[in-house]
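Could you build the full structure based on these sequences and the hints that come with them?
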Amino acid sequence: MMKIFILILFIILSNNLLLSQELQSFGLPDKIITSLAVEQGDYNSSYQLSDYIFAGTENGIFETSATNESPDWVSIGLENKSVSALTVQHWGAGPMDGLTLFAAVAPDYEHEDSTLIFRREIYRPIDTNWIVSDSGIYKNANRVNTLNSYYFTGHSAPQPILLGANSGLYQSSWAYYFWTQSEIEYENLQPVINSIDVNPHWWGELAWAAGSIGLSPAAFRSTNSGETWKAFPLVDIDGVGDTATSVAINTRSQDSVYISWNEVIFLTPDKGDNWEVVFPQAQLWENASGVTIKTIAIDRLYPENVFAAGSSSNNELFFIYSTDGGKSWQQPTVIPDIDIAAASSIVVYRKNSSDENGYVFIGTEGTGVWRYKYSTHSSPNKDSSYFPLAINNEWNFSSNLFPRSERITDTLRINGKLYYGLSTEGMEPYVLLRELDNKVFILDLSDSTEDMLYDFNAEVGENWSLSEKYVCSFGLDVTLVSKSDTVETPSGTFYNCFHFSHNPNCADAGITDTWFAKGVGKVRSKEIFFAGMGDFVLTDYIVTSIENTSEPQNDISFKLFQNYPNPFNPTTTIKYELSKESEVQLIIYNLLGEKVAELVNAFQKEGMYEVEWNANYFSSGIYFYSIKAGEFSNTKKLVLLR
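Each residue of the sequence shown is one higher than the last, beginning at 1 in my numbering.
As a list, the in silico SDA-like pairs of lysine to any residue whose alpha-carbon atoms are at most 20 Å apart:
#	residue 1	residue 2
1	K580	F603
2	K439	V460
3	K373	N68
4	K351	Y47
5	K271	E183
6	K526	D513
7	K526	C506
8	K351	L49
9	K628	E610
10	K351	D51
11	K526	N396
12	K636	A597
13	K605	K628
The calculated label-pair distances, taken between Cβ atoms and stated as ranges, are:
#	residue 1	residue 2	range
14	T223	N634	35 to 45 Å
15	C506	K417	21 to 31 Å
16	G416	Q254	47 to 57 Å
17	P29	E183	41 to 51 Å
18	K417	I338	47 to 57 Å
19	G532	G136	49 to 59 Å
Hints in this document: simulated from the structure, not taken from any laboratory.
For glycine and all other residues, C-beta sits at the position ideal for the given N, C-alpha and C.
Structure (structure tokens):
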């Protein structure tokens, strides 16, 4: 079994606000939508996409424009077929381009029709007949669950289409439409495939799939356009009898992949070697009770925007989105006051990278198609901190020279002012900073004097001087260059960033430029080193909160640590620290919020404590452990895997 660990991030402020907050009906109101398909873009791609959206139902396929305000769905055939999956393939032959729609259908044994795949052209009106295209598929598969495709132009080699079924994975060439079964690790355990994603669509080779092998939910990866696949069981192969339902690749950083399984969304940041649970999180776990995540999709042009949908405990629609790659999740603030059936499928459409609007389409199990229109462009908000200060806030950066980590490690109160110690790579000395009224001050501990380092209230073009002691670090002066820069990083795209320029006066040291994003902090910096200019960009971060710096704080605080090991079977250790004697309660809850175990209920003195939880009689799943000690409380997540 591969390593799975938990990532718990409490992001209070999000860097990319989705401006529209309302789900709207997008037609076919009484139909069960089984699948949706649009032409997909690639990150940094300049191709203009068609605006068709296709909906598969239990009685044929419908088509309309994805960008219409009022949908005008038109039936395009297969009226007597139950459609199970759709994909479109953009192709080229010489100077001509085409768009082929592939549809998987349930076999109609009653009428002696075992056909599993049809195709038809979209662009060419003379070629609109549906053509049987399932040669080579093992007909005892009974059901094709998913389709996806690579794209190509007339000046390049044809690219394949991929298919996932109850009998495994298949690949078909564009030229002959003959399906060849792919080689899969653990093939003897009868892999079932529910979802496929590819990246890039244009001349790509990477593909991921989600499903099961044996009794384990599993992910699968191919690096040769679907010819062979490596399997990644998410639990022991003789495990829980469930199946992973959906997969989505981060198009900017394709080592990162999302997989859904029951109520959980996993993220691998490293090609499947490790897996993090990014949903549910502690701040949403009550809302996640009884939830099943059925489908995930990414804005392929702005992949920090991740969308997931499924069913709630009463089998109605459950829809969440993340604007920071899964570090935090939200639900729309406005939901229509009608019952919306559970989601069956989801796609994201954005015509090109310069288009402000993106569209999320959700197919439901009986209430048609719903659309969520959003924009990733937001205006600056002076009420949101661009320099969040709290102990354990951490920012990790990559660069052309070397990686770097910055972390707020502690606090120090001098002359009645609270400063935060920012350490680089855990080394001393570190800088002491405080924020007041959207201004950031830096302290010189040798003489207890401070300089204003950044002013987020300043007007563009304003500058201010720093003491000469900072000539080889922050410079002799700082200038606000812009309040509206867009910064692309491995951690996401950040809009309306503040850009400050610095004026160092050393040949081999000093910061020249810094960029800050709302609610996140520094997302990029340029710095001079003896080895050359370093360009540092944010790779990941932990921002727990912005603390109230007006109140006195203790040098030593209460702490609740992450349990170890995690996941565990059947015992794990929970560690916590008390800064003073307190009444302590340490309780275990399940996903429904029900108390399942009380580990501590006692008066304890100041110090470090460890408690072991033996979950031998509990079922696999996600649990939460919550501590209350005086006025201190905290909750963390732990995973029991049998």
